[in-house]
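Trainee: Given only the sequences and the hints, what does the whole structure look like? Please build it.
Protein chains: 2
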Amino acid sequence: MVNQKITCLAGGVGAAKFLQGLAKVVPENDISVIVNTGDDIELHGLHISPDLDIITYTLAGIVDEEKGWGIKGDTFQCLGMLKNYGLETWFNLGDKDLATHVYRTRLLSEGFTLTEVTSKICQQLGLLETILPMTNDPFETRIITDKGEMHFQEYMVKHSMQPSVTGVRFEGAEKAQPTPEVLNAILEASRIIVCPSNPIVSIGTILLVKGIREALRRTGAKIVAISPIIAGTVVKGPAEKLMRGLGLEVSAWSVANLYKDFLDVFILDAMDKEQKSRVETLGVRAVVVDTLMKTIDDKVRLAKVALSC
Amino acid sequence: MVNQKITCLAGGVGAAKFLQGLAKVVPENDISVIVNTGDDIELHGLHISPDLDIITYTLAGIVDEEKGWGIKGDTFQCLGMLKNYGLETWFNLGDKDLATHVYRTRLLSEGFTLTEVTSKICQQLGLLETILPMTNDPFETRIITDKGEMHFQEYMVKHSMQPSVTGVRFEGAEKAQPTPEVLNAILEASRIIVCPSNPIVSIGTILLVKGIREALRRTGAKIVAISPIIAGTVVKGPAEKLMRGLGLEVSAWSVANLYKDFLDVFILDAMDKEQKSRVETLGVRAVVVDTLMKTIDDKVRLAKVALSC
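Here the protein sequences line up with chains A and B, keeping their order.
Throughout, my numbering is defined as the position within the first sequence, counted from one, plus 1335.
Throughout, my numbering is defined as the position within the second sequence, counted from one, plus 1335.
The set of hints was computed from the structure by calculation and includes no laboratory data.
Glycine included, C-beta positions come from ideal geometry on N, C-alpha and C.
Check each hint, because a few of them may be wrong.
What the hints assert, rightly or not - Mimicking DSS-like on lysine-lysine, the simulated pairs with C-alpha atoms at most 27 Å apart in a straight line are:
{"hint": "1", "chain 1": "A", "residue 1": "Lys1482", "chain 2": "A", "residue 2": "Lys1576"}
{"hint": "2", "chain 1": "B", "residue 1": "Lys1557", "chain 2": "B", "residue 2": "Lys1608"}
{"hint": "3", "chain 1": "A", "residue 1": "Lys1557", "chain 2": "A", "residue 2": "Lys1359"}
{"hint": "4", "chain 1": "A", "residue 1": "Lys1455", "chain 2": "B", "residue 2": "Lys1493"}
{"hint": "5", "chain 1": "B", "residue 1": "Lys1402", "chain 2": "B", "residue 2": "Lys1340"}
{"hint": "6", "chain 1": "A", "residue 1": "Lys1402", "chain 2": "B", "residue 2": "Lys1418"}
{"hint": "7", "chain 1": "A", "residue 1": "Lys1608", "chain 2": "A", "residue 2": "Lys1571"}
{"hint": "8", "chain 1": "B", "residue 1": "Lys1455", "chain 2": "A", "residue 2": "Lys1418"}
{"hint": "9", "chain 1": "B", "residue 1": "Lys1493", "chain 2": "A", "residue 2": "Lys1418"}
{"hint": "10", "chain 1": "A", "residue 1": "Lys1407", "chain 2": "A", "residue 2": "Lys1455"}
{"hint": "11", "chain 1": "B", "residue 1": "Lys1510", "chain 2": "B", "residue 2": "Lys1545"}
{"hint": "12", "chain 1": "B", "residue 1": "Lys1510", "chain 2": "B", "residue 2": "Lys1571"}
{"hint": "13", "chain 1": "A", "residue 1": "Lys1557", "chain 2": "A", "residue 2": "Lys1402"}
{"hint": "14", "chain 1": "A", "residue 1": "Lys1510", "chain 2": "A", "residue 2": "Lys1571"}
{"hint": "15", "chain 1": "A", "residue 1": "Lys1455", "chain 2": "B", "residue 2": "Lys1418"}
{"hint": "16", "chain 1": "A", "residue 1": "Lys1595", "chain 2": "A", "residue 2": "Lys1545"}
{"hint": "17", "chain 1": "A", "residue 1": "Lys1407", "chain 2": "B", "residue 2": "Lys1510"}
{"hint": "18", "chain 1": "A", "residue 1": "Lys1455", "chain 2": "A", "residue 2": "Lys1402"}
{"hint": "19", "chain 1": "B", "residue 1": "Lys1418", "chain 2": "A", "residue 2": "Lys1418"}
{"hint": "20", "chain 1": "B", "residue 1": "Lys1455", "chain 2": "A", "residue 2": "Lys1493"}
{"hint": "21", "chain 1": "A", "residue 1": "Lys1418", "chain 2": "B", "residue 2": "Lys1402"}
{"hint": "22", "chain 1": "B", "residue 1": "Lys1359", "chain 2": "B", "residue 2": "Lys1455"}
{"hint": "23", "chain 1": "B", "residue 1": "Lys1402", "chain 2": "B", "residue 2": "Lys1611"}
{"hint": "24", "chain 1": "B", "residue 1": "Lys1629", "chain 2": "B", "residue 2": "Lys1571"}
{"hint": "25", "chain 1": "A", "residue 1": "Lys1482", "chain 2": "A", "residue 2": "Lys1557"}
{"hint": "26", "chain 1": "A", "residue 1": "Lys1359", "chain 2": "A", "residue 2": "Lys1639"}
{"hint": "27", "chain 1": "B", "residue 1": "Lys1402", "chain 2": "B", "residue 2": "Lys1493"}
{"hint": "28", "chain 1": "B", "residue 1": "Lys1359", "chain 2": "B", "residue 2": "Lys1629"}
{"hint": "29", "chain 1": "A", "residue 1": "Lys1418", "chain 2": "A", "residue 2": "Lys1493"}
{"hint": "30", "chain 1": "B", "residue 1": "Lys1608", "chain 2": "A", "residue 2": "Lys1407"}
Claimed, not checked - Some chain B residues close to chain A (C-beta under 7 Å, calculated; not the full set):
{"hint": "31", "residue": "Leu1417"}
{"hint": "32", "residue": "Arg1620"}
{"hint": "33", "residue": "Val1624"}
Mentor: Here it is as C-alpha cells:
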C-alpha cells in the first residue's frame, strides 16, 4: 500500500465516535481530520473550540464518553465561582477542560495560529492523528430564530434548541481562508471520509471555507460520506431542526444532495434503504449498512465499510 | 464620632489576619485597604494579583484559613491538566481561584482599570470594605539572588525562598502612578494603619508609588504601624531574608526606621520590648503589646489597640 492517507471532515460528537473506530483500523498517523470551527466561541475572554476539543479529547481517550464532550472525571468548581461573579455560565466549562481554553487563548494571544495551537495540544495529549481546524480565520455560525439571531452555542446550549429556526448566517465565511494544511490534506489523501456530522453547521461550514469545496472536486481521492440521518431523523444534535428551518427535506437523500458535486459514495443506514435508488439518481454510489454507533465494534465496522467501499 | 474612616496599607497574609479583626470592631464600609500589587504576575495569560486576592478572600470569609491564601475547599484539576500540557505549574492555582483570574483578565482586556476590576470582584463577593490596588500601572518586584534575578513569586513560590538575596528591583516604580482613590483614602482618613506586612516587598512597594509617601506625610490622619517582627524575626514570609539581603538590621526598630518620616505610633511585640526606647529615639511613639494573631480574639484585640493608641 503506497498512499493510505485518510482525510476526514468532522463536526463534534458523531464524527468523534466514527474516528474512534477509524483509529483502530488505520495507522493513526495516516489520519488527518479537518474540523469545523464555526461553533468556536469566546467566553470569559477564553477562546473555546468545542468541536476541536471533542475530537481531540476523544482520540486522546480522555473524553467523557457519557456526555460525548468534556473530559472524564471533570469537576465544575471554576464555573460555580464564575457564577458567583454574576457571569453567564450556561456553557459548561469543566476545570480540566478549562486548561485547554486557557492554554489555547494564551498561545493565540502570542501570535500562534489555531492550527499551530491545535497541533501543540494534540502533541501534548499524545495524539498521532493530524487535527486541523478548517481555517485560522474568524468564522461564526449564527442561528436566526423567532427569538432573534444568536451564536450557534447560544441556540444549542443556552436555549436548548428551543427557538424556531428560520435561517443560518455564517459570519466571516466570505473572508475565511483555508489553511495550506487543510488543502494539502484534501489534495494528497487517497480517501476522504465525510463523517456523520451535521450537514449544515459542521460539514456545511467546512465546505463554505473558500477553496475547500473546489479542492474536494479536484482531488484524486475517493470521497465517501456517511449519513448522519438514521430512519429519517438524527441521532443527536440540531441537524433536523436546522434542515427544516432552512426548508430542506430531512432525509439521507437530502444530505447526499448537499455533497453530490464532489461525492463518490454515500453510506446510508439500513433503516433508510428505500432512499438508496434516489441517492443514486444524484450520480453517487449508495451503500446500505447499519450506521448506528453504540459500541466500539459498531464504530470499527462502520470504519471498515468507509475504507473499503 | 464624625470621621471614622480607617485606611490600611496591606500586603497579604499578615495584613489579612489583622483586617479580619479590624472588620469586627469598625463598620466595614469605613475601612479602605491599599494593597500591594508588586507581586502581581501574569501566568498562562492570566493576570494574578496574589495580595489583592488574599485580602479579598479573607474579608469575604472564603479564604483557605489553613494556607492563608486561596479559597477553602478548592481543587486543583485545571492545574493538573495545565501540567499535562507541559506548562509550568509551580504557582498554585485552584479551580475556584481561577475564576477570579479569568474574570479579572477579561475585564482588564476590556479596558477596565485594576481598581475598577477589584471593586467589581469585591461587590460580587459581598465585601463592604473598599479594596484599592496601590496603582493601576505595571509594577513588578524583582528579587536579585545568587541564582539570578527573578519575579518575586518565582523567588517565593517556585524557589521556596532558597536563593540568597542580594538585592531587590522594582520594575515600573518610576512610572507607576497612585490612583485618585488611593490618595483620597490617605488624605481623608482619620486614622491610617500600616498592617504587619513585609516592609520591603509589601509596604515598601506601596511607599514607592509616586505621591503616596508624600500623601502620608501630609495627611491629617494619625498613622499607626504594627511591627511584622516578633522576637526579632518574622512570623511568615521572606521579610527576614530580604531585609538581611539588603543589609538591613532585622528588628522592630529597623521597620519603624523605614516609616519614621510619616509615622506617629509604632506597635511592637512584647517580646521586642527592649526596642521600645530605641524606636522612640526615631520620634515615634512606641506601644508594646502581644501582636501574634492566632485566634480571632487576638486579631480583635490588636485591632482595638491600633484604633485607640
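Trainee: Are the hints correct? Go through all of them and say.
Mentor: Tested hints:
For the given pair, Lys1482 (chain A) sits about 15 Å from Lys1576 (chain A) by alpha-carbon distance, which is consistent with the 27 Å threshold. Restraint check for Lys1557 (chain B) and Lys1608 (chain B): the C-alpha separation of about 22 Å stays at or below 27 Å, so the hint holds. Of the pairs offered as hints, the one joining Lys1557 (chain A) and Lys1359 (chain A) holds, with about 21 Å between alpha carbons and a cut-off of 27 Å not exceeded. With a CA separation close to 25 Å, the supplied pair Lys1455 (chain A) and Lys1493 (chain B) stays within the 27 Å bound.
Between Lys1402 (chain B) and Lys1340 (chain B) the alpha-carbon distance is near 30 Å, which puts this suggested pair outside the 27 Å criterion. With a C-alpha separation of about 24 Å, the suggested pairing of Lys1402 (chain A) with Lys1418 (chain B) holds against the 27 Å cut-off. As the CA atoms of Lys1608 (chain A) and Lys1571 (chain A) are separated by approximately 20 Å, the hinted pair is consistent with the 27 Å bound. With a CA separation close to 14 Å, the supplied pair Lys1455 (chain B) and Lys1418 (chain A) stays within the 27 Å bound.
Taking the CA atoms of Lys1493 (chain B) and Lys1418 (chain A), the gap is near 31 Å; set against the 27 Å cutoff, the hint is violated. With a C-alpha separation of about 21 Å, the suggested pair Lys1407 (chain A) and Lys1455 (chain A) falls inside the 27 Å cut-off, and the hint holds. Distance check on the hinted pair: Lys1510 (chain B) and Lys1545 (chain B) sit about 8 Å apart at the alpha-carbon level, within 27 Å; holds. For a cut-off of 27 Å, the pair hint linking Lys1510 (chain B) to Lys1571 (chain B) is broken: about 30 Å separates their Cα positions.
Simply put, Lys1557 (chain A) and Lys1402 (chain A) have alpha-carbon atoms about 33 Å apart, too far for the 27 Å limit, and the pair is violated. Restraint check for Lys1510 (chain A) and Lys1571 (chain A): not satisfied, since their Cα atoms lie roughly 30 Å apart, outside the 27 Å limit. Annotation: proposed proximity of Lys1455 (chain A) to Lys1418 (chain B) holds, straight-line Cα distance about 14 Å (limit 27 Å). A C-alpha spacing of about 18 Å is found between Lys1595 (chain A) and Lys1545 (chain A), which places the hinted pair at or below 27 Å, so the restraint holds.
A threshold of 27 Å between alpha carbons decides the hint, and for Lys1407 (chain A) with Lys1510 (chain B) the separation of about 48 Å lies outside it, so the pair is violated. Taking the CA atoms of Lys1455 (chain A) and Lys1402 (chain A), the gap is near 25 Å; set against the 27 Å cutoff, the hint holds. Our distance criterion of 27 Å between C-alpha atoms is met by Lys1418 (chain B) and Lys1418 (chain A), whose separation comes to about 26 Å. Between Lys1455 (chain B) and Lys1493 (chain A) the CA atoms are separated by roughly 25 Å; this keeps the pair inside 27 Å, and the hint holds.
The straight-line distance between the Cα atoms of Lys1418 (chain A) and Lys1402 (chain B) is roughly 24 Å, inside the 27 Å bound, and the hint therefore holds. Straight-line distance between C-alpha atoms of Lys1359 (chain B) and Lys1455 (chain B) comes to about 23 Å, which keeps the hinted pair within the 27 Å bound. Among the hinted pairs, Lys1402 (chain B) with Lys1611 (chain B) is inconsistent with the structure: their alpha-carbon atoms are about 32 Å apart, more than 27 Å. For a cut-off of 27 Å, the pair hint linking Lys1629 (chain B) to Lys1571 (chain B) stands: about 13 Å separates their Cα positions.
Under the criterion of a C-alpha separation no larger than 27 Å, the hint pairing Lys1482 (chain A) with Lys1557 (chain A) is inconsistent with the structure, at around 42 Å. Restraint check for Lys1359 (chain A) and Lys1639 (chain A): the C-alpha separation of about 10 Å stays at or below 27 Å, so the hint holds. Proximity of Lys1402 (chain B) to Lys1493 (chain B) is assessed by CA-CA distance (about 16 Å); at most 27 Å being required, the pair is judged to hold. A hinted pair counts as satisfied when its Cα atoms are at most 27 Å apart, and Lys1359 (chain B) with Lys1629 (chain B) qualifies at roughly 16 Å.
Between Lys1418 (chain A) and Lys1493 (chain A), the direct Cα distance comes to roughly 15 Å. Compliance with the 27 Å bound is thereby established for this hinted pair. This hinted pair does not check out: Lys1608 (chain B) and Lys1407 (chain A) have alpha carbons roughly 59 Å apart, beyond 27 Å. Contact between Leu1417 (chain B) and chain A, as hinted, is supported at the beta carbon level, the nearest pair being about 5 Å apart and thus within 7 Å. At about 43 Å, the closest approach between the beta carbon of Arg1620 (chain B) and any beta carbon in chain A exceeds 7 Å, and the interface hint on this residue is violated.
The interface hint given for Val1624 (chain B) is violated, since its Cβ lies 38 Å from the closest Cβ of chain A, which is over the 7 Å cut-off.
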